[in-house]
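Novice: Going line by line, the protein sequences match chains B and L. Position 42 (the first sequence) corresponds to 42 in full-length UniProt numbering; numbering is contiguous. Position 158 (the second sequence) corresponds to 158 in full-length UniProt numbering; numbering is contiguous.
Keep in mind that the hints were calculated from the coordinates and are not lab data. Quantities reported herein were computed from a predicted structural model and do not represent experimental measurements. Virtual Cβ for every residue (Gly too), placed ideally from N, Cα, C. Take these hints with a grain of salt, some might be off.
Distance condition first, Cα-Cα at most 25 angstroms in a straight line; then the derived DMTMM-like pairs of lysine to aspartate or glutamate [to be verified]:
1) B:Lys81 <-> L:Glu94
2) B:Lys78 <-> L:Glu151
3) B:Lys42 <-> L:Glu151
4) B:Lys81 <-> B:Asp35
5) B:Lys81 <-> L:Glu89
6) B:Lys80 <-> B:Glu158
7) B:Lys80 <-> L:Asp62
8) B:Lys78 <-> B:Asp163
9) L:Lys93 <-> L:Glu151
10) B:Lys81 <-> B:Glu94
11) L:Lys145 <-> B:Asp35
Partial chain L-side listing against chain B, Cβ under 7 angstroms, derived [stated by the list, open to error]:
12) Leu64
13) Leu65
14) Arg69
15) Lys73
16) Lys80
Number of protein chains: 2
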Amino acid sequence: MAPVKVFGPAMSTNVARVLLCLEEVGAEYEVVDIDFKAMEHKSPEHLVRNPFGQIPAFQDGDLLLFESRAIAKYVLRKYKKNEVDLLREGNLKEAAMVDVWTEVDAHTYNPAISPIVYECLINPLMRGLPTNQTVVDESLEKLKKVLEVYEARLSQHEYLAGDFVSFADLNHFPYTFYFMATPHMVPKKP
Amino acid sequence: MAPVKVFGPAMSTNVARVLLCLEEVGAEYEVVDIDFKAMEHKSPEHLVRNPFGQIPAFQDGDLLLFESRAIAKYVLRKYKKNEVDLLREGNLKEAAMVDVWTEVDAHTYNPAISPIVYECLINPLMRGLPTNQTVVDESLEKLKKVLEVYEARLSQHEYLAGDFVSFADLNHFPYTFYFMATPHMVPKKP
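Please build the complete structure, drawing on both the sequences and the hints.
Specialist: As structure tokens, then:
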């Protein structure tokens, strides 16, 4: 069986979300790079994969998908095993809690953390732009409040959706990984 | 069996998403209004339902949920019938396409259409603020491009996820409903 294909630079957070899920389920896959500088994401070939000209895109035989969370869920469903069931769709309440904290990542955690990653890493290192410290400070304030809710949640449960690791946790990895490379990552005192 | 409860003003687009799904599956439900002017969304009672102090929140017996898409999917799964299966989770490819276009609504359609609704309706009518025409014009440009992709998609398929109505379509209703009350709704010539 030909491996599934993921289109897009692996260092993009949205591509990383898909790769993380492929790794978790142990699926065979191939990453096909998309060259943004050459505008390859707006090429006719790529627009067939994603009509909005964004990454990632995904191919499994004749099935083409886009939108990282949709691709990730397809991967988790397709390669689900008893020991790796990250969506818990067989259990109504557990699946709902996975969805709740997946949505919190998309609509609350990411909007707070991503501007810090952009301002401290992506803009200065990849775009030659200065860091806007006002944006960083406002986002740090926002993130702090968001993390207070996470702290309370994780003092009651081992993982975000409950006492089982899930897609909800995985979703937080890509931006958190980059955040840890900014000067605002303060390690806990030992 | 006690009806499930939805907390939040029914006119909110995110609350409407949940109500729409409850109506589609014919579930019995009760809407409990949350008074924003009285800061009820930040009250201790409501923070138990949604620790971020937002609406909607949802209660089904001892289960408390928040995040409108997570609640909506719980409702669609719980009350799924053969004739009303809006998530198609029994079919890997169909479920993936429902997810793709649900994500497109959240990350592409809503960001283009919602500023128009805010500037033309919510700000002037509910907040006494003037319409920022620059924001409206920019969003209309964005929306036009987004709708070209929709036009292409819907010329190939009856509905967004394929030739079946799904959660993906429903998600577009709340903002589209309000958009149709703005001066920018241009009806098709007969």
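Novice: Does each hint fit the structure? Answer for all of them.
Specialist: Going down the list of hints, with the structure as the test:
Only pairs whose Cα atoms come within 25 angstroms are accepted, and B:Lys81 paired with L:Glu94 is accepted, the gap being roughly 20 angstroms. Under the criterion of a C-alpha separation no larger than 25 angstroms, the hint pairing B:Lys78 with L:Glu151 is inconsistent with the structure, at around 30 angstroms. A threshold of 25 angstroms between alpha carbons decides the hint, and for B:Lys42 with L:Glu151 the separation of about 18 angstroms falls inside it, so the pair holds. A threshold of 25 angstroms between alpha carbons decides the hint, and for B:Lys81 with B:Asp35 the separation of about 34 angstroms lies outside it, so the pair is violated.
Between B:Lys81 and L:Glu89 the alpha-carbon distance is near 16 angstroms, which keeps this suggested pair within the 25 angstroms criterion. Straight-line distance between C-alpha atoms of B:Lys80 and B:Glu158 comes to about 22 angstroms, which keeps the hinted pair within the 25 angstroms bound. For a cut-off of 25 angstroms, the pair hint linking B:Lys80 to L:Asp62 is broken: about 29 angstroms separates their Cα positions. Among the hinted pairs, B:Lys78 with B:Asp163 is consistent with the structure: their alpha-carbon atoms are about 23 angstroms apart, no more than 25 angstroms.
As the CA atoms of L:Lys93 and L:Glu151 are separated by approximately 22 angstroms, the hinted pair is consistent with the 25 angstroms bound. At most 25 angstroms may separate the alpha-carbon atoms for a hinted pair to count; B:Lys81 and B:Glu94 meet this at roughly 16 angstroms. A C-alpha spacing of about 23 angstroms is found between L:Lys145 and B:Asp35, which places the hinted pair at or below 25 angstroms, so the restraint holds. Taking 7 angstroms as the C-beta contact cut-off toward chain B, the hint placing L:Leu64 at the interface is violated, the least distance being around 10 angstroms.
The beta carbon of L:Leu65 comes within 6 angstroms of a beta carbon in chain B, closer than 7 angstroms, and the hint placing it at the interface holds. A least Cβ separation of about 6 angstroms between L:Arg69 and chain B falls short of the 7 angstroms threshold, and the interface hint therefore holds. Hint status for L:Lys73: holds, given a least beta-carbon distance of 6 angstroms to chain B, under 7 angstroms. The interface hint given for L:Lys80 is broken, as the beta carbon of that residue sits about 10 angstroms from the closest beta carbon of chain B, more than 7 angstroms.
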